[in-house]
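Visitor: Here is what each chain is made of, one letter per residue.
Protein chains: 2
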Amino acid sequence: MRNLKLTIEYNGANFSGWQKQNGKRTVQQTLEDAFLSLTGESVTVEGSGRTDKGVHALGQVASVQTENQMPLKNFKIALNDLLPADVTIKKVEKAEENFHARFSAKKKVYKYLVQIGGDRDAIKHDLVAFYPYQVELKRMQDTSKLLLGKHNFKGFCSAHTNVKNFEREIFDLKISKCGKIITFLVIGNGFLYNMVRIIVGTLLDVGRGKLSAENVKKALETGNRQYAGKTMSANGLYLQKVEYRC
Amino acid sequence: MRNLKLTIEYNGANFSGWQKQNGKRTVQQTLEDAFLSLTGESVTVEGSGRTDKGVHALGQVASVQTENQMPLKNFKIALNDLLPADVTIKKVEKAEENFHARFSAKKKVYKYLVQIGGDRDAIKHDLVAFYPYQVELKRMQDTSKLLLGKHNFKGFCSAHTNVKNFEREIFDLKISKCGKIITFLVIGNGFLYNMVRIIVGTLLDVGRGKLSAENVKKALETGNRQYAGKTMSANGLYLQKVEYRC
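So the sequences go chain by chain: A and B.
Under my numbering, the first sequence has 156 at position 156, and the numbering climbs by one with no breaks.
If you want my numbering, it's the position in the second sequence, counting the first as 1, plus 246.
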């Protein structure tokens with residue numbers, strides 16, 4: 001039995017998210033189907049975490065136990081041949097026996113792309129979010145510093161969650177602008193349901209002057225979702241990388 | 247009655263092409279529905295030409311006759327509010343009475359994007375075509391010069407056409423490479439069915455060494471489709487611009 005670590009890229013537009021659900025087209029199901037078709041094994045492909053409908057991944061990581069002894073390079077080629085155009089396996093590596101894509105993860109890097117104003121980009125409609133208002137970048141960058149470190153992020157979490165512990169740590173949060181596109185890069189030890197999308201929505205509303213740093217402080221202190229801004233759409237969100245070394 | 251000139255961008259991935267067809271989601275139908283909803287008029291939106299299922303446009307042009315007297319700037323905003331995310335109207339201009347998007351067109355500019363080798367790009371799977379073989383750029387550029395000027399392009403046209411006159415003129419054909427992406431820019435007075443996609447497929451096969459300049463010459467001389475290369479997929483093709491001045 002080998003434990004494999006897969007690094008996976010996908011466009012989430014035509015998937016009902018990562019996680020298997022009866023009758024829905026999901027990334028996990030698509031990968032398990034490809035495994036079954038290649039090796040005859042019914043495996044479970046364990047992702048580092050779920051991504052929602054419409055969310056993309058440049059570097060989702062999954063672990064999978066297989067008895068198949070095919071050379072790793074051939075595994076990658078053969079799986080990619082079986083997979084549809086919107087999922088690509090970037091790497092297949094041999095992992096330690098006790099490696100688990102979810103439980104072993106130490107850091108996650110999410111990217112969020114949003115176009116500020118102008119005409120909506122029809123070509124990239126499912127790859128970049130849209131925000132119709134002009135924003136002040138410096139104001140957003142300054143306010144984002146309040147989110148760094150360990151906090152109770154309940155105020156930045158969707159109500160639709162079963163989680164009990166809302167403490168998470170954000171290691172870094174960078175906001176940059178290139179033309180009409182603002183990129184948010186958020187690095188943390190883990191994220192609550194919709195947390196990145198609510199953080200981005202809040203910071204954009206701060207940038208536009210609708211919310212202030214006070215809102216962010218209050219959302220962190222009270223855990224009350226009402227202080228934070230709106231949940232941005234899924235199409236701008238990318239799971240960029242999952243890190244496993246401490 | 248005003249004659250309007252619309253400049254339109256769309257992502258073709260989720261459309262069954264430009265042209266209206268019963269029960270299918272098409273760009274033309276989507277625009278006509280938006281007009282009806284905005285003005286109450288049943289108009290015909292005449293495009294500069296059809297684009298196939300999966301083909302994109304950065305600057306498709308259409309003409310439309312309307313009795314509505316709304317200021318042009320409001321027309322654009324109101325239509326874009328009604329249109330889905332994968333179609334955007336970039337410009338609404340008043341046109342001469344006798345302007346017709348198809349009959350008045352003088353030049354069309356098509357762009358074709360293709361990734362050469364490497365892992366398939368899952369994120370841009372419907373925006374960039376894929377070619378698994380390495381190609382020699384210079385060989386393609388040299389061979390492409392044979393296509394410049396007026397020719398009978400029957401050898402570069404799909405059999406599924408009703409056209410009788412296969413003469414077209416190519417004014418320019420540029421091929422450039424940036425990283426793994428090759429961009430073809432083809433400017434002509436008009437294009438036959440699948441002509442750009444067959445030209446690109448032929449030049450790529452030349453670049454890889456499967457075909458030679460002789461194939462291109464013979465396809466031009468004999469009009470025999472067999473000498474040319476394969477038809478590339480729709481997802482790499484963009485109608486970039488339509489020009490109307492002589």
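The set of hints was computed from the structure by calculation and includes no laboratory data.
There could be a bad hint or two in this list.
Once the Cα atoms are required to be at most 27 Å apart in a straight line, the calculated DSSO-like pairs of lysine-lysine come out as [unchecked claim]:
1) B:K370 with A:K241
2) B:K476 with A:K180
3) B:K487 with A:K124
4) A:K218 with A:K180
5) B:K423 with A:K180
6) A:K24 with A:K150
7) B:K322 with B:K251
8) A:K124 with B:K357
9) B:K370 with A:K111
10) A:K73 with B:K370
11) B:K352 with A:K76
12) B:K270 with A:K180
13) A:K177 with B:K251
14) A:K24 with B:K370
15) B:K357 with B:K487
16) B:K270 with A:K177
17) B:K426 with B:K396
18) A:K180 with B:K426
19) A:K90 with B:K370
20) B:K299 with A:K20
21) A:K90 with B:K336
22) A:K53 with B:K251
23) B:K423 with A:K124
24) B:K391 with B:K476
25) B:K426 with A:K76
26) A:K177 with B:K336
27) A:K91 with B:K426
28) B:K384 with A:K180
29) B:K299 with A:K53
30) B:K336 with A:K124
Visitor: Take the hints in turn and mark each one as holding or not.
Guide: Here's how the hints hold up against the structure:
Between the alpha carbons of K370 (chain B) and K241 (chain A) the distance comes to roughly 18 Å, so the proposed pair stays at or under 27 Å and holds. This hinted pair does not check out: K476 (chain B) and K180 (chain A) have alpha carbons roughly 38 Å apart, beyond 27 Å. Restraint check for K487 (chain B) and K124 (chain A): satisfied, since their Cα atoms lie roughly 18 Å apart, inside the 27 Å limit. Distance restraint check for K218 (chain A) and K180 (chain A): the Cα-Cα separation of roughly 30 Å exceeds the 27 Å cut-off, and the hinted pair is therefore not satisfied.
Between K423 (chain B) and K180 (chain A) the CA atoms are separated by roughly 25 Å; this keeps the pair inside 27 Å, and the hint holds. At most 27 Å may separate the alpha-carbon atoms for a hinted pair to count; K24 (chain A) and K150 (chain A) exceed this at roughly 36 Å. Note on K322 (chain B) and K251 (chain B): the hinted pairing holds, with a Cα-Cα distance of about 11 Å set against a maximum of 27 Å. A threshold of 27 Å between alpha carbons decides the hint, and for K124 (chain A) with K357 (chain B) the separation of about 16 Å falls inside it, so the pair holds.
Restraint check for K370 (chain B) and K111 (chain A): satisfied, since their Cα atoms lie roughly 16 Å apart, inside the 27 Å limit. Taking the CA atoms of K73 (chain A) and K370 (chain B), the gap is about 24 Å. The hint holds against a cut of 27 Å. Restraint check for K352 (chain B) and K76 (chain A): not satisfied, since their Cα atoms lie roughly 48 Å apart, outside the 27 Å limit. Taken as a hint, the K270 (chain B) and K180 (chain A) pair is broken in the structure, with Cα atoms around 34 Å apart against an allowance of 27 Å.
For the hint pairing K177 (chain A) with K251 (chain B), the CA-to-CA distance comes to about 33 Å; that exceeds 27 Å, so the pair is violated. Among the hinted pairs, K24 (chain A) with K370 (chain B) is consistent with the structure: their alpha-carbon atoms are about 22 Å apart, no more than 27 Å. For the suggested pair K357 (chain B) and K487 (chain B), the alpha carbons sit about 9 Å apart, so the restraint of at most 27 Å is met. Pair hint K270 (chain B) plus K177 (chain A) does not hold up; C-alpha atoms about 39 Å apart against a cutoff of 27 Å.
The hinted pair formed by K426 (chain B) and K396 (chain B) fails the criterion: a straight-line CA distance of about 32 Å is larger than 27 Å. Simply put, K180 (chain A) and K426 (chain B) have alpha-carbon atoms about 25 Å apart, close enough for the 27 Å limit, and the pair holds. Proximity of K90 (chain A) to K370 (chain B) is assessed by CA-CA distance (about 15 Å); at most 27 Å being required, the pair is judged to hold. Distance hint between K299 (chain B) and K20 (chain A) is unfulfilled; the C-alpha atoms sit about 30 Å from each other, more than 27 Å.
This hinted pair does not check out: K90 (chain A) and K336 (chain B) have alpha carbons roughly 37 Å apart, beyond 27 Å. A distance of roughly 37 Å separates the Cα atoms of K53 (chain A) and K251 (chain B); the hinted pair therefore is violated under the 27 Å criterion. A distance of roughly 22 Å separates the Cα atoms of K423 (chain B) and K124 (chain A); the hinted pair therefore holds under the 27 Å criterion. Proximity of K391 (chain B) to K476 (chain B) is assessed by CA-CA distance (about 19 Å); at most 27 Å being required, the pair is judged to hold.
Restraint check for K426 (chain B) and K76 (chain A): satisfied, since their Cα atoms lie roughly 20 Å apart, inside the 27 Å limit. About 23 Å separates the Cα atoms of K177 (chain A) and K336 (chain B), which keeps this hinted pair within 27 Å; it holds. Under the criterion of a C-alpha separation no larger than 27 Å, the hint pairing K91 (chain A) with K426 (chain B) is consistent with the structure, at around 18 Å. Restraint check for K384 (chain B) and K180 (chain A): the C-alpha separation of about 35 Å exceeds 27 Å, so the hint is violated.
Using a Cα cut-off of 27 Å, the hinted pair K299 (chain B) and K53 (chain A) holds, with the two alpha carbons roughly 24 Å apart. Restraint check for K336 (chain B) and K124 (chain A): satisfied, since their Cα atoms lie roughly 15 Å apart, inside the 27 Å limit.
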